[in-house]
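**Q** Protein chains in written order, with UniProt numbering: chain A, 1 to 434; chain B, 1 to 434.
Be aware that a few hints might be false.
Note: identical chains are not told apart, hence a pair may lie in one copy or across any two.
Said to hold, decoys possible - Below 30 Å or equal to it, Euclidean Cα-Cα: the simulated DSS-like pairs (lysine-lysine) are:
| id | residue 1 | residue 2 |
| --- | --- | --- |
| 1 | K254 | K406 |
| 2 | K78 | K316 |
| 3 | K406 | K298 |
| 4 | K406 | K107 |
| 5 | K107 | K124 |
| 6 | K316 | K406 |
| 7 | K20 | K124 |
Treat the hints as calculated values from the structure; they're not laboratory data. For clarity, every value in this text was computed on a predicted model and none was experimentally measured.
Protein chains: 2
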Amino acid sequence: MGKLMRRLSTQEQNFKQVFKDLLAFETVSDPELLKTVDQIIADVRQHGDAHVLKLTQQFDRHPAHQFSELELTQEALKAAFEGLTTEVREALEMAAERVREFHQAQKQEGWTYVDALGNTLGQKVTPLDRVGIYVPGGLASYPSSVLMNAVPAHVAGVPEIIMVVPAPNGELNPLVLAAAYLAGVSRVFTIGGAQAVAALAYGTETIPSVDKITGPGNRFVAAAKRAVFGQVGIDMIAGPSEILVYAEGANNAKWMAMDVLSQAEHDTVAQAIFITPDEALLNEVEQAIEEHLAALPKADIARTSIANRGALVLVKDRQEAIDLINQVAPEHLQLCVEDPQAMAEHIRHAGAIFMGRYTPEAIGDYCAGPNHVLPTSGTARFSSPLGVYDFQKRSSLIMCSEQGVKPLAKTADILAQQENLDAHARSARYRYQD
Amino acid sequence: MGKLMRRLSTQEQNFKQVFKDLLAFETVSDPELLKTVDQIIADVRQHGDAHVLKLTQQFDRHPAHQFSELELTQEALKAAFEGLTTEVREALEMAAERVREFHQAQKQEGWTYVDALGNTLGQKVTPLDRVGIYVPGGLASYPSSVLMNAVPAHVAGVPEIIMVVPAPNGELNPLVLAAAYLAGVSRVFTIGGAQAVAALAYGTETIPSVDKITGPGNRFVAAAKRAVFGQVGIDMIAGPSEILVYAEGANNAKWMAMDVLSQAEHDTVAQAIFITPDEALLNEVEQAIEEHLAALPKADIARTSIANRGALVLVKDRQEAIDLINQVAPEHLQLCVEDPQAMAEHIRHAGAIFMGRYTPEAIGDYCAGPNHVLPTSGTARFSSPLGVYDFQKRSSLIMCSEQGVKPLAKTADILAQQENLDAHARSARYRYQD
């Protein structure tokens, strides 16, 4: 049997390079894939509904004979919700409520102020008119993804939320429809792939064009989202899931081992890293991972993930760990320490910080409240969790008075002349000299 | 002589299609350009400083013999500032101060709250560590761009702001350096093109890699920014400049004609649209445009711009105008009306709204306060002006108590089982059953 998981120590001479190599994950764009996706987009733009129906019959083996069969009614969503067991329905309701409560706090409002010259300046905040939510079908069809994408849009005040979800062989996960019902989705089409992204971006006879498309998908979906970016907004193109667990002091190794595996079970290229200054704890966690794997349905995936991209890292002290964390900028960070708030002060880059021993990452995937769509592959250095702010945008407001504009117009005149923009200068000059 | 400018009326039968065609502006990606840019990026990643120096000598005809000559000292920036005439220096200082004051109001702070279960939830806001500002050289070297990109980063608290600006033949606009001095730029390199973008994204021996790159540039720069997106953050890829002026009631046609031309003089593909329900005013503005053009240094550019992409549009009433404005989602919107605030309430999509007759767009380019980097080509439907928020990012905070986690863990357990994610379910279960 091969090694379970890479073990590293910051004391090793080549640690820096090894750690850097561990983090490296570059996606290579496949020219054939891009060509296929570009063709699908062009065909959907030209032939609309008919082409989307054709590809849905072909790729998803969907039994629909006409396009109208690809739209679900609100009654169908409600029926799916009402068909859930009490236990599952209550769990979904609690998740939706908590996600909604957290995202309410993110909502941004406009503001204005009057400057010393009597001019009014400000920022207007408006929801997007219409957004598209992509929900994968089949095995990766997660009701939690529906909540995490649709609830922020709904909280932002987006009037129309269009969801697409492929239904292979015409089959759908009722929990996904129930989540759409709870989250405030306006319309649902059972389509997927690049054709669904193209339909949302450009519109067809039946599907209205949206202003932004969010949600995860396979490589065709990711490539299509990149291709339509500019025509519409998109969220980030997500990389594989990641967790970094840091522990010191009294901790339950079995718990943390399962936390590590909860990301590893997602994907063979997911990345799970455990860091501690406590070598005995490192050994215990390693042993607990081995034990858990024996009983885990997705053990093969998890084993590949931790063997290829996982690591158990021994550090000298907390400061070394903080430096490594800021280098990784992990999607999920768990701080299993006595004083997580004090430690979190020093974390500059992470998608979400799970603080203390009673805060497993898994609750964040479902019902803690914050979004589970988070920046991956180090992009937390410059980007944020999906949020209400992704479904709002700003317009600057400027209103000058007859007197208040004069000093500004004079300054604009002088600077515009320096930039050789004469119409700018004259347009400004009229307001103080005319 | 050809027609000055297209004239449209919403009463014409084919108006909708003609107006839609007028707005259409699709940039075509040039495969040769992308190949060239990809090669430059690969070479800079491999050869670092040496390759950047080589391309700078070759493309910019820069006289530098070694890489160190491509970095400017803070003393050089200060000297440029001190060398300005009093009038220009004071204008630049006023602009920087006003831009700083407005952007201070945009700064976001973190927050937390304690939920009914005693769990703490929140959002941490952190500035980016290091950003790169691209400033075009030569003719389009605008000191106002330096302020508009660097000041928001500085206000956000970004510790290192690296500016790149090409110096064709080794020549630089001293006003650009003076603006860098005022805006709080940390380091300046006199490099440009795709090689500067690659150096900022991946770092070289001398240039540190940044987390985000903002600022305008030619098509090589735009393509390079697209290519490095994901490795670093980028701002929007800007399209041609646009203005939409709406007027009713008593107005000065000469003023508004110059406002229209102030965007048209930027670029032959810039778009200037004038809308009014007042046919007499439409005629006056058209005549004033013709008269202004006779005396404008950039008349040729402006004439081409308004002939190809401009329009004078007669509407029935204000409501029609509002609908058109929301369809265009213009970069710059001027509302030359008695009650601009009331009208602005109905505008859902615009980069910046200039309200009233004393608020020409040109003051927004320099010194009104709000940013002049604005969404173009209808992207105001889903995106915002460049702002402090582009240089900050968020991390979610979750801290559960031993008791408070139990109901969440139970919900996560139930939902994770529905998603067949067993390690997730068990990780959550430990926290309420162990």
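**Q** Now, for every hint given, state plainly whether the structure supports it.
**A** Hint check:
For the homomeric pair K254 and K406, the shortest alpha-carbon distance between copies (18 Å) is at most 30 Å, but the shortest distance inside one copy (70 Å) is not. In this homomeric assembly, K78 and K316 never come within 30 Å of each other (Cα to Cα): the closest approach is 55 Å inside a single copy and 44 Å across copies. In the homo-oligomer, the alpha carbons of K406 and K298 lie at most 30 Å apart only across protomers (25 Å), although the nearest pairing inside one protomer, at 70 Å, exceeds that limit. In this assembly of identical chains, K406 and K107 lie within 30 Å of each other by CA distance solely across copies; the values are 28 Å between and 36 Å within a copy.
Within a single copy, K107 and K124 get their C-alpha atoms as close as 13 Å, and across copies as close as 15 Å, so both meet the 30 Å cut-off. Taking identical chains as interchangeable, the C-alpha atoms of K316 and K406 are never at most 30 Å apart, the minima being 62 Å within one chain and 34 Å between chains. For the identical chains of this complex, K20 and K124 are inter-copy neighbours only, at 26 Å across copies versus 43 Å inside a copy, given an alpha-carbon limit of 30 Å.
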